[in-house]
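Asks: Here's the letter readout for the chains.
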Amino acid sequence: MRAAILLSIAGIVLASGSHAGEHRIGMAGMAYAPATIEAKVGDTLVFVNDDTQAHNVLTATVGFSTDLGKQDPGSETTVTLRKSGAFDLECVIHEEMRARVVVRP
Amino acid sequence: MHKIVVISLASVFAAGLAGYTLAGPDRVAFPSGYTERFVLYNTVDRPDRKTIRFMYVSPETHTKAKASEPAPDGTILIMEDHRAKVDASGGVQFGSDGRLVPTDQITNIFVMEKRAGWGDAYPPAVRNGDWDYAHYLPDGKPKADAKFDGCFSCHRNRAGRDFNFTYTKYLMDREGK
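Top to bottom, those sequences are chains A and B. Just so it is clear: in the first sequence, position 6 is 6 by the numbering used here, and no numbers are missing. Just so it is clear: in the second sequence, position 149 is 149 by the numbering used here, and no numbers are missing.
Chain A with its partners taken away, still in its complex shape:
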């Protein structure tokens, strides 16, 4: 089952699907791919759990800190970037899963 969860991360609101840029981030093999994302304000991040186990997306960077909660295999979480800056992503469950997002104005 493929569920789309619309959430918010550090200035991100419910996505309408018509934003300038969409960045899809996979989780297969317990790794975010790509691990570095360059985006602009208004772009969306789509976290796709294409792995066989549950993952999570957490950013603990001050000013952007958000926990998107557990994401089961086959599900997607879409967020819209509303604020420029840089923040790190990590999986709460798997310490080695890391990524970095840079958001330009």
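Simulated from the structure, these hints should not be mistaken for laboratory data. Take these hints with a grain of salt, some might be off.
Said to hold, decoys possible - Covered stretches of chain A, going by a simulated chain B footprint (3 or more residues, C-beta under 8 Å):
hint	segment
1	44–50
2	56–62
3	92–101
Idealized CB from N, CA, C, for every residue including glycine.
Chain A is fixed; fit chain B onto it per the hints.
Replies: Same frame as chain A, now just chain B:
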């Protein structure tokens, strides 16, 4: 031989139980006045739960803390959950900074505290260094039916960062590491 096996199993079982029954207010006291005394070092939006988590650290240890070292003995970390402001349809609202808007309604207060030797009481598969946990309600009373297995198992995922998700990260960013 049979007796030895029985005793060994009983010891393992007792150790497992002790791992979780030690956690709670008997060890980790409610840090009265923390909102005035402690340092608010981060807030974490939790949109799926319509919650904002206020993260506090004890000031006495915070001044000595370094990203490259385990948190000092006596460190207390608090996660105070606030309900997020919602609109008429129940959707979360966002502030001008793009963040969830916290209300004054506190739902839970989770405390983790580190004291030398506390971890010795836990089996290796459970132990979180020398950290222990407690769960309080907004009035400062312990949550009667609190369970701590989730605290221990989840925080073990950050064994390489002194068993916490946000504080060491805060120190790393502060020090540019």
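Asks: Could you run down the list of hints and mark each one as holding or not?
Replies: Each hint, compared with the structure:
no. : hint   : verdict
1   : 44–50  : violated (count 0)
2   : 56–62  : holds (count 4)
3   : 92–101 : holds (count 4)
The earlier numbered hint that this structure contradicts is number 1, and it is the only one.
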